[in-house]
Amino acid sequence: MKSIKICAASYAYSSKAKIFQDLNLEFHSGKTALLGPNGAGKSTMMSLMASVVTPSAGSIEIIEASGERISARHLGKFRRLVAWLPQDFSPVAGLTVLEHVRYSGWLKGMSRKAVKEAAPQALLAVGLETLSEKKATELSGGQQRRLGLAGALVHQAGVVLLDEPTAGLDPSQRDRFRQILASLNDENITVVSTHQTEDIDGSFDHVVVLVGGRVRFNGSVNEFMAVAPASVTDSRDRVRLAYAALVEGEI
Amino acid sequence: MPTSGCGQRGCPVKWAMKARHYRVAMIGAAIASILGTMAGNINLPIPFLSSLIGPSTMPAPVVPSVILVVLTGAMLQSAELYWTEASVRNVVAHSMLMAAGLVALVCAVSHLTGIVVHDNAAAWLMVRDVLGLLVLWSSARALGINRFAGLVPVVYLLIASAFARNSIGEVRGWAWILGRNLSDPWGLATIGSGCLLTLLYVLRRRPLAGTTARSSS
Amino acid sequence: MLPITRRPAWWLLAPGMILAALYVHQYVSAERVLADAQSAVAAYALLLIFAASLVSVSAALEVGRDSSSRGVTEIAVRGKIIVAFARLWPSLVAGALIQLVGILLLLGKAGSSPNRFPVLIAVGLFSALFFHAGIGMFLGTWLRARFAVPLALVVSYIWLGFAWSFDFVPVRYLAGLALEGCCSPVETLDVAAVYSLMVFSVLGFFGFVLLAMGVSGRKILPRGKAAWLRVTAGLLVLVLAASLGLFIARQVAATPVKARPLSEAECSATVPEVCLFPTQLARGDTRPVYADTFEALEHHGMRKITKVYSTSTAQVPVLSDEGVANVMAAPGQSRTRAVESAASTYADALTYIECPQETSADVYGWAEVLKAWSVQTAAQEVLAPDERAGLPDTSMLESVSIPDETDFFGQWSKLRKLDEKSQTQWVTVAYDRLSTCRLPDAVSAGVR
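Chains as they are written, first to last, in the numbering used here: chain A, 1 to 251; chain B, 1 to 217; chain C, 1 to 448.
Bear in mind the hints are in silico, worked out from the structure with no lab data behind them.
As the structure is a computational prediction, the values presented were derived from the model and not from experiment.
Misleading hints may appear alongside valid ones.
[To be verified] Straight line, CA to CA, 30 Å or less: simulated DSS-like cross-link-like pairs of lysine-lysine: (1) A/Lys18 - C/Lys225; (2) A/Lys116 - A/Lys134; (3) A/Lys18 - A/Lys113; (4) A/Lys135 - A/Lys116; (5) C/Lys80 - C/Lys225; (6) C/Lys80 - A/Lys116; (7) A/Lys77 - A/Lys5; (8) A/Lys18 - C/Lys219; (9) C/Lys219 - B/Lys18; (10) C/Lys219 - C/Lys304; (11) A/Lys5 - C/Lys417; (12) C/Lys109 - A/Lys16; (13) A/Lys135 - C/Lys417; (14) C/Lys304 - C/Lys80; (15) C/Lys304 - C/Lys417; (16) A/Lys77 - C/Lys421; (17) B/Lys18 - A/Lys18; (18) A/Lys77 - A/Lys116; (19) A/Lys135 - C/Lys109; (20) C/Lys304 - C/Lys414; (21) C/Lys80 - A/Lys5; (22) C/Lys109 - C/Lys258; (23) C/Lys80 - A/Lys113; (24) C/Lys304 - A/Lys134; (25) A/Lys113 - A/Lys135; (26) A/Lys16 - B/Lys18; (27) A/Lys77 - C/Lys80; (28) A/Lys16 - A/Lys2; (29) A/Lys16 - C/Lys258; (30) A/Lys77 - C/Lys304; (31) C/Lys307 - C/Lys421.
I would like the entire structure built from these sequences, with the hints used as guidance.
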């Protein structure tokens, strides 16, 4: 998988609430942190890339390593390549944890046989293997988020879109998520929208900063940290200051 | 707390009503009352197999009544979110008070319509049907059927219309919804006992069966 | 891929089956469906109320589970129809199981039948479930469960109840319940009624699928052009389904039946020749009794009958000028009832004559006197003494008597006291006069 590309995309909830106007952005292989204040349009961008919402103008496409372009208009083909965990993930009622992951895989076009084999591995990857017979709706918030991730990853997608996966989680759950994130294949395109700037260094390869529906920054983590004054040596401080500089225009 | 636009006493009532979609509920109640009273004298044939017993019918006001009760019941419950169960205020009582208010509105609108169409009996029939079915809904909640309490009046209507007639074609007492007798003892008993159950539910703030506030949420 | 065990349809199945069984037990008389598989399966149509309720409610519950989730179904690769089918099949299977139980119970009441199992009616009734699955699916997608589930039940029931007795007859066949009017030993199914149901139900289901695709997201109004387009397409498909269904059923009568072809009747070698349909013969051959009755009455001065059918009066009049009689023969009919049916033919034929209003009541009364005489005379000739109990039934004579005018029961009492020759003489004259709307003279007292 080479990249996922947003080409001249526009999106608005209404004529008064425009989110994006003529947005161009490309996410490459590796892990990208999508940063931005509340209301910047991060979740909408994730939904656009997941083909859950359709841009009013422009297009979304995935470019394969072979050079083949797959447009989001071809939903079936496009969605086979995409995994999406929304910010407000909620499991399907009436299913156990294992059944939920199997159902998610089946929805993604996997055969019954393939999904039966892949589901336990996906649960193992997110550390929910011991809870596989528990009702999905009875899991805690952090466990449900991990369940959502297992469901998203079960079909080995090339593009992984995680919308604020660690929001509201306690530090140990966040650590768990970081481990899961680290275990994801670097050849995948992984985009994680987050507020937690302390996670940036070491976990991600690229950073995109979105403010008011516009891309304020798009570059490597090193380039991002270079925005902060050279006098600051602590990497966490550098990330925090760089983010503040880009979002609020001050250091 | 900003108070612009409403008095400090009036606001909580308005919030409670808004959370229960009071405008839609009131408009629905008014429309149902007008339609039900105007069609009060019509008997709708209901599917029934035994041709020997003769045709089976239900009074037309039953139809707008049951739709109104299903919709308003769900609207009233939509304000009873999980976190509201920890409130000092009795949210169940708010819902039931609004239900009582809707019955009063149905009573007023039906009687006004009844005056216009010269049919007071149809107006009372409409009120009886709405009250009776609403009481079934609240009784279901009192007994722990919370999320699908709206199913109970519908299931009652379905079973009544299917099984109400005995072998000689008479309507059985428990199927009072299919009759027009306002002083039917079965109907009065249903409404009376249902109101009592509802009152207990409101006072306890939790169903009579089960220990949690939302036995089947 | 969804677990087969935890589906709402299964736990609704038991109450649905119990209700259907109770209904059959309480309200279906065996006489109605005796020896007639077609009637038995068609009678199931009214039990659609239970199967359709289960299907719509469980569909709303199933689809509601997907709709209330977030991040699972939105980017499904599988098509909406496949996902919907994965959700809906248990509802359809459970509905079909209720139908199966109902049909088996009804077939049990019918007993062995000479006609084959009516596959078309069964398939038609099963297809009706798709429409109700569509209702549940649409509401379950559009609204929250606490609205959708009871509303699905209400809408399903109101649709069935509303269509049941709609004045514009073809509408009745869109819902399917009206198939209950099919069939009888002398009438067979008008297949247009079933085709109408099938086309409407299956197309209607796809209409609801399109509607559901347009309203997904729990918003009251669709969002975006594509959603509006789907909703519009869904409504158009529903309109198309209704139009096609109505078009197909445009010539079906108030009951979905056609007269059974007379060529299917099996004729006896008796004089007169008696032709009955296989269903009428399934519980005993009464053709000799019919033949003996007409022969006996002929000896007592009544018209000669050349051929006997038992079919609809639209096909064969009760008594034609050529001497062809149309009797009411039912499977399992006793010899007593067969004699009564045959002997009543002459009097029944009189009631079909359109007489002036001032004489019609009297003609009817005198016809009852004739009927009582015919039945008694034939019974004495054809039946053994122990088979004659209750014959003739004179209850009608008392009810049609006109106070202070004609006491038909009294006239009958006088008639039966006359000697045989006088009886025959009076009856022959009376029958001729009544056939031309003229009233007979009162029976004069005579000596037996």
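So which of the earlier hints does this model not fit? When the structure is compared with the hints, numbers 3, 10, 11, 12, 13, 14, 16, 19, 24, 28, 29, 30 turn out to be violated.
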